[in-house]
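K.L.:
Sequence:
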Amino acid sequence: MFKRTACPIMVGLLALSFSGAAFAKKGSTSYNIDQREADQELRIQQGVKSGQLTPKEASKLEKGEARIQSREARMKSDGRLTPNERKQLNHQLDVESKKIYREKHDKQKVQ
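Quick note: numbering that gives the first Met the number 0 has the sequence shown finishing at residue 110, numbered continuously throughout.
If you are wondering where the hints come from, they were derived from the structure by calculation, not from laboratory data. Here the structure is a predicted model, which is why all the values come from computation and not from measurement. Heads up, the beta-carbon is just placed ideally off N, CA and C, and yes, glycines get one too. There could be a bad hint or two in this list.
What the hints assert, rightly or not - List of simulated lysine-lysine pairs, DSBU-like, C-alpha gap at most 30 Å:
#1 Lys48 <-> Lys108
#2 Lys97 <-> Lys86
#3 Lys62 <-> Lys86
Stated by the list, open to error - Estimated spans, in silico, between C-beta atoms of each pair:
#4 Arg79 <-> Gln107: 36 to 46 Å
#5 Tyr30 <-> Lys62: 17 to 27 Å
#6 Ser76 <-> Ser49: 33 to 43 Å
#7 Asp77 <-> Lys108: 14 to 24 Å
All chains, please: the whole structure from these sequences, using the hints.
P.N.:
Written as structure tokens, this is what we have:
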């Protein structure tokens, strides 16, 4: 009887422990910002590959991403991001994301 009830309980507890570890990683503030930066870099690369972004547009967008990463490094120099710093970085990422969208959907294309 004990084996029948203990096994499903153990499996459930094990699953919860793994999901909690994954959530902690994804829920961290650094993960969110780093993931957004990586996603935006990918969007720029995809735009170049598809011809939606000209080399000049891509260069300009890459410089914007580099500025954000540089600013993030300065903010993290004390070892952590404050809520206000996180808010500032997220705002900059929002602005840059809109620029990527506008450049990818404008009339300029690579022939």
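K.L.:
Give a verdict on every hint.
P.N.:
Here is what the structure says about each hint:
| no. | hint | result |
| --- | --- | --- |
| 1 | Lys48 <-> Lys108 | holds, 11 Å |
| 2 | Lys97 <-> Lys86 | holds, 17 Å |
| 3 | Lys62 <-> Lys86 | holds, 21 Å |
| 4 | Arg79 <-> Gln107: 36 to 46 Å | holds, 41 Å |
| 5 | Tyr30 <-> Lys62: 17 to 27 Å | holds, 24 Å |
| 6 | Ser76 <-> Ser49: 33 to 43 Å | holds, 37 Å |
| 7 | Asp77 <-> Lys108: 14 to 24 Å | violated, 44 Å |
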